[in-house]
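Undergrad: Chain A is already provided as a structure; the job is to place chain B on it using the hints.
Protein chains: 2
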Amino acid sequence: MTSTTATAMTTTREELDEIVRDAASAAPVWHASSADERAAWLRAAADALDAAIDELVEIADRETRLGPVRLRGEVGRTSGQLRLFASVVEEGSYLELTVDDGDASATPPRPELRRLLVPVGPVAVFSASNFPFAFSVAGGDTASALAAGCPVVVKAHSGHPELSRRTAEIVAAALEAAGAPAGSLSLVEGRDAGNALVQHPVVQAAGFTGSLGGGRALFDLANARPDPIPFYGELGSVNPVVVTPAAVAARGGELAKGLAGSFTLGVGQFCTKPGAVFVPRGAGFEALVAERAGAAVGGPLLTDRITAAFPEGVDRLLGDASVEVVTGTPSAPGADIAQPVVLATDAAAVADRPHALLEECFGPVTLLVRYDGPEDLRRALEAVPGSLTATLHSEPGDDVADILEVLQRKAGRVLFAGWPTGVAVTWSQHHGGPWPATTSLHTSVGATAIRRFLRPVVFQDAPEAFLPEVLRDAALARLPHRRNGVLRVP
Amino acid sequence: MTSTTATAMTTTREELDEIVRDAASAAPVWHASSADERAAWLRAAADALDAAIDELVEIADRETRLGPVRLRGEVGRTSGQLRLFASVVEEGSYLELTVDDGDASATPPRPELRRLLVPVGPVAVFSASNFPFAFSVAGGDTASALAAGCPVVVKAHSGHPELSRRTAEIVAAALEAAGAPAGSLSLVEGRDAGNALVQHPVVQAAGFTGSLGGGRALFDLANARPDPIPFYGELGSVNPVVVTPAAVAARGGELAKGLAGSFTLGVGQFCTKPGAVFVPRGAGFEALVAERAGAAVGGPLLTDRITAAFPEGVDRLLGDASVEVVTGTPSAPGADIAQPVVLATDAAAVADRPHALLEECFGPVTLLVRYDGPEDLRRALEAVPGSLTATLHSEPGDDVADILEVLQRKAGRVLFAGWPTGVAVTWSQHHGGPWPATTSLHTSVGATAIRRFLRPVVFQDAPEAFLPEVLRDAALARLPHRRNGVLRVP
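Chains A and B supply the protein sequences, listed in that same order.
By the numbering used here, the letter at position 38 of the first sequence is numbered 40, and the numbering carries on one by one without gaps.
By the numbering used here, the letter at position 258 of the second sequence is numbered 260, and the numbering carries on one by one without gaps.
Hints in this document: simulated from the structure, not taken from any laboratory.
Bear in mind that the values here come from a model prediction, so they are computed numbers and not experimental data.
Backbone N, C-alpha and C define an ideal beta-carbon position, used for all residues, glycine too.
Among these hints, one or two may not hold up.
Short derived list, chain B residues pointing at chain A, Cβ under 8 Å [claimed, not checked]:
#1 Ser-27
#2 Pro-30
#3 Pro-482
#4 Leu-489
#5 Pro-492
Computed footprint of chain A on chain B, listed as stretches where at least three residues anywhere in the stretch have a Cβ under 8 Å from a Cβ of chain A [as the list claims (entries may be wrong)]:
#6 39-50
#7 98-106
#8 254-263
#9 348-356
#10 423-433
#11 455-464
Extracted from the complex, chain A is given alone in its bound form (with noise of 0.2 Å):
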């Protein structure tokens, strides 16, 4: 049942610091690099990985065990992303350009400022499960840095272990013959590597993708060093769902079809699994999630961790007097094959337990959680911790204003229609939400993504040849800028 035929390896501690002094080297040649070289070099990593699109797949697939079909899918998004980030730092917006011009005649005199944002330094980006490519090694975390202008240094899941250090290969690789300096990329591999880089003087951000518990480790080691840094991570998610009774009369058959579709998605896998809907009892609505689920195919799941983790989490939750089983058997320990499973539960006992029955389970499963009402709703849905995502189906007539209310507040996205899983990366994307979903205000997907790894810095009274170019006059005229007050976009 070994999922991995690569070896597992381990960078030592001389390894790391070679690693992170290479970075550290780069890391003022990204900072000083124009906007058509930083492009220019985000572009060419894209384009190797769409090159060696056979060969990574094929090694993904033997690793990960996620298809050919959806890992072809997902380099696309992954070179696409990397494409997005180089019209971001085209655009230039992202510098947030901010100009007062100074006034020797105010009391006191006002001096002149120039804003804009500059790269922090080196990251440090630690690769998911169960986004091989799309939150991995070039994934999100990796490119918003580099189009930040930050190397990365990134921490091998070691789930795929052979994929990402071929991919590392190939984009370092591709970076170079761009003209990016050495040290722009690179990976570690162990545990104890990444714990030591979270925690290198040289590392000045981190990104992270993964479970609670070790991104809480890794948060806590940013955050007790002696110059704590950005821990910028995501760390799990339950992505409540809200049907109506008037959407399960209108369309129920449409929307169990939707949601059997999205929490096998990925075998079950992905951040974003809707997994907790909430279903008015009684509505009929179990029976169509019955028959819809009961006819959806399992598949294997990424590690031999995940797949002993998962029998062992739909245990868990049966162990809670409240559930029950509505369709599927919860697979055998040992099972090679995950097949879907739907429990449910009473909003009551989630109001009460939500601890015990709200915890992110990877995998195949969602919990249907029966209301009686809006109060009895209202007080389940308060008890849902923070998510990446939140999705009401209602009807026109429906009268959802107090559970809007709570929905906002408890996700970074909330849906209207369709179902979470599935993640635009465009312009207005926020993928992030309160703690544990995320622990930050910023998102890990979307043009957004860039803030993180920038700092502000304020030139006052500068003389020209001292200001970065991109805040000199002739810069402004071409780029979009505040300046007085005063938004401009040329």
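TA: Chain B alone, transformed into the frame defined by chain A:
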């Protein structure tokens, strides 16, 4: 020598819970408030401060000994800051409105996404000793949190308790009279209450200005919560200044006069006090500084604790074998008036023992650091801890590229004329820097300080009636926003 007449008070746990509960009740009202409402509330607070200036300055002078001229100016700065944030709210860019239109014909179909920033919820503000108005109850942290739509609970500084209470009364009354809900601004007192505040489940972020020790302790509490919250701390800064030989030759007298004025401003109790001045050895600058600083007058320090700490800090520096007195007589322990002192050391000593020589020392003392050439200077600058500001005084023809690179890495504001004391409150200002200057990539002064108390939410395929008003097309027609990647300013 007691500097306050008001009785020290402490808020009990029960009182704190009630205060925080009121803030929680106020939060949805602030969240839902329109730009016009919120701006009017901020302006009402500003007007009330201005109207009470005589009473407030009398209390402040009694408690802080900063003098009525400085304190009246600070009230104006504080009310001006509230009015700047009112205009930031009205302008609307801070919402980061971003729309990507859907495309049902795309593969996969692209949903409509509409993103904005929303208030995080109740905010804790820890006020500072040294700016009893501008960084205190109604100071920058409070103004930016309210502007973001977050109720504020202030932990009063023990150095000016009566002023804190009276300011809170005046501002809370003005907010309520203008239509803001009860619980919008309140005050707690005592260290235990402060610790409980940053750990309270209702509190969603904290702003702090103060010492490295106190700030680190609160930072650790905020991060150790079951649900960590962002802690925005400003903890200490030595604010390096570099003077080149050519600058001494061209305008040594003027620079010495500026330095003497800057390090003694507010009796040396500014976060931006130039604490380490790198001067060319043997260029004659020390004598010029001795002349100017010798003529500068001292004054009483803010609190008994700071009064006691100042001679201790000077003594600690003098305990290093490399340090000598340039001018001034270190105050005797217990002296009521702190006299200006200029010390000197060598760049090599600073490079060797930065922790001993470059710790922030409140009060009218600065350390001249003699350097013997570019390499000697650069090595010492590399040892400087992260700072709010860095200043370069050079002349055309000086080769300062290397120095500038270090200064930009070390500080959030880089000055090329004047002195770092005095922080203009504008759209472009940045008041922050690498640790320990601040804990974050955000500013605590200037328009963008508002970003600290906002989190993104994105609405996917929302019916217009469910969207926040500012995300509907009618509002986008009058507000800055980005649509399908294009930034638009109506």
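Undergrad: With chain A as the partner, please determine if Pro-30/B meets the hint condition of a C-beta pair closer than 8 Å.
TA: For Pro-30/B, the interface hint holds, since the closest Cβ of chain A sits about 7 Å away, which is under 8 Å.
Undergrad: Regarding the hint that Pro-482/B lies at the interface with chain A, is the smallest CB-CB distance below 8 Å?
TA: This interface hint holds because 5 Å falls under the 8 Å limit.
Undergrad: How about the stretch 348-356 of chain B: do at least three of its residues have a C-beta closer than 8 Å to a C-beta of chain A?
TA: violated (count 0)
Undergrad: At least three residues with a C-beta closer than 8 Å to a C-beta of chain A: is that true for the stretch 254-263 of chain B?
TA: Violated - the stretch 254-263 of chain B has 0 residues with a Cβ nearer than 8 Å to chain A, which falls short of three.
Undergrad: Are there three or more residues in the stretch 455-464 of chain B whose C-beta lies within less than 8 Å of some C-beta in chain A?
TA: Coverage by chain A holds here, the residue count being 9 at a Cβ distance below 8 Å.
Undergrad: Residue count check for the stretch 423-433 of chain B against chain A: does it reach three with CB-CB under 8 Å?
TA: holds (count 7)
Undergrad: Mind checking, does the stretch 98-106 of chain B have 3 or more residues with a CB under 8 Å from chain A?
TA: holds (count 4)
Undergrad: Can we keep the Pro-492/B interface hint, with Cβ of chain A closer than 8 Å?
TA: 10 Å, violated
Undergrad: Tell me if the interface restraint on Leu-489/B is satisfied: Cβ within less than 8 Å of some Cβ in chain A.
TA: 5 Å, holds
Undergrad: Would you say the stretch 39-50 of chain B counts as covered by chain A, given the rule of at least 3 residues with C-beta under 8 Å?
TA: With 0 residues closer than 8 Å to chain A, the stretch 39-50 of chain B misses the three-residue bar; violated.
Undergrad: Is the interface hint satisfied for Ser-27/B? The criterion is a beta-carbon contact with chain A at less than 8 Å.
TA: 13 Å, violated
Of the numbered hints given earlier, the model fails hints 1, 5, 6, 8, 9; all others are met.
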